[in-house]
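Could you build all of it, start to finish, from the sequences and the hints given here?
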Amino acid sequence: MAVAAAIQRRSAASRLVEAYGQELVVLGAIIALFVIVGTVNPRFLSENNLINIFSGNAYIAVAAIGMSLVIISGNIDVSVGSLIGVLATIAGTLAVQGYPIWVAWTVPVLVGMAINACVGALIAYFRIPSIVVTLGMLSILKGGLISITAGTWITGMPPEFFIAQARFFGIPAPVYFMVVLTVVMALWMRYAGLGRAIYAVGGNAEAARASGLYPERICVAAFAMHGFFAGIAALLFATQLQVIQSTVPPNLELTVITASVIGGVSILGGTGTVIGSTLAAILFACISSALVFLNVSAYWLRAVLGLLILATVLADMARRRRHRVAGRV
Amino acid sequence: MSRYLVRHESILAILLVLALIVLSLQSDRFFTVDNLLNQGRLMAEVGLIALAMTFVIVSAGIDLSVGSILGLVAILLGVFWQNVGLPLPLAMMLGVFVGGLAGLFNGFIITRFRVPPLIATLATLALYRGLAEGISQARSVRGYPEWFFVLGQGEVLGVPTQLWIFLACAVIAAIVLGISTFGRATYASGANAVAARFSGIPVDRTILLIYTASGLISGLAAIIFVSRVSTTRSDMGTGLELDVITAVVLGGTSIFGGRGTIIGTMLGLALMQALKNGLALAGVKGDGTIVVIGLILIATIIISNLLRRESDG
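Taken in order, these protein sequences are the chains called A and B. In terms of numbering that gives the first Met the number 0, the first sequence has 116 at position 117, counting the first letter as 1, and numbering is strictly consecutive. In terms of numbering that gives the first Met the number 0, the second sequence has 121 at position 122, counting the first letter as 1, and numbering is strictly consecutive.
Stretch by stretch, here's where chain A covers chain B in the computed footprint (C-beta under 8 Å, at least three residues):
1) 106-118
2) 121-133
3) 244-256
SDA-like mimics (lysine to any residue), calculated; alpha carbons at most 20 Å apart, straight line:
4) B:Lys275 with B:Val32
5) B:Lys275 with A:Ala149
6) B:Lys275 with A:Ile147
Bear in mind the hints are in silico, worked out from the structure with no lab data behind them. Model, not experiment: these values are computed from the prediction. Where is the CB? At the ideal position from N, CA and C, for every residue including glycine.
Spelled out as structure tokens, the structure:
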């Protein structure tokens, strides 16, 4: 009996590794970072720094949830950084002009969904590759944002507007957003019909069509949901400081895509989870903070990130190859 | 297929002529020799890289790291010359060589480990830019000797130097892609890599060479860039890859591979630059022009897709 139980336990553990391999690697990396950097410089584990890490980067994790849906569905979106900038500006402008706060909060989310639903429709019904459409959207959104705002900053929002600065039980609101949205979406992707359909279409669109799904509608739905998360990310981004700049951190779209990919979402579509992408976003935040505490020049941050992506991707390809070989035998 | 190519390129040519007419009506400063030559000067760096990117995309790949390679080579040029103390010509050659190495590394990851090009070059985009930032520590290098500026600011026979370089490269690229064995191998690898491999085409070697060339030419563009703006900074060429890809895709190269021409890319480049400049002269603020380019990109693809579907059906 004991042997049987042990076998069962082991197979449960190995199943866990099988299903969440990449997520466990990222989680392990985060824990290792905390232990090592925390030992070298205990201030890394101070409450202030932890809040900075988690709260300041929650919007990237939230955006990466939407990006994961898009990538799992077999597409990509290189315009999300500009979209977040546009939606943040819309939120700020509405708040400054005296609209009720709930309007300033919901309109950007709805606009994000509408814009990305159109993007999804262009991809699905006109059969234009997603990278081309979103490349065009990147130009349109970025150019539109700068030429309309003329680069000015938005200030003077009412104090209730700053949802990202609110705290409940000592924990900043963005962390709740990140955790709740990740958990809900992880369950949704696993158990809801549409969630599973997104995997099916990303894995093999023709097979999905043959089994009665409508790949076009699912593509539009995935993009619309991506717009929803971009809207939430924009709110968190817009309300974390007292001003809204009309520019977003350069290469934000690449950071978001990278978070999804390092978290285990395969760029080929059909696999990955949103838990992985959120963990990866946290890992990035930890690394950039760790560099500061280890007295490494911040200018090396991007090189470290690049190496990390490369290592993850190579490991992923090696694992895939092993699986393929095992599958053949 | 050839009918489609003719169609896409003729749509582009018509668009370009229309744009030239409308823009020259908007501003009498647009259709002057001085202005057009100056636009050629500004276009050369993106244009050079777009030539290599045409090969990359025809081979069903993509290279997002070109802007970062440009930044890295620019920084290394300054470091080799000022900090290491090498003579400037040697530093230039070494810089271009490192660009080639960076491209070779991309190709190696893609062919050896079968990493999708989008991801491989996304990783090296971060890596190369990070190296540029780390090496430079935000210091800029200035004070290059006078002769160095001939490349980016000088003229030969009344035409900007880099425009000559660009045109020479374009002719070579058109010949190589259009009629050489290597060009045909590129099309075959992009259209159907498995079939190409079974027909005895060295797919991996072709792709390796293409990415190496992309790195080399990004290095060359970096030297011209530094010479044009007479300083070196680590953020040079940020976002350049998107301009390059837009020009190539606008030029009718299919992002799925197997289809595209250098002439199309040249038309795409010319249309992009004419719009940027013409709209700016007509009073549209700098960033409004990016919006128009985005719209044109999407519209062109939709139109040519619809036409193709019609001719297929």
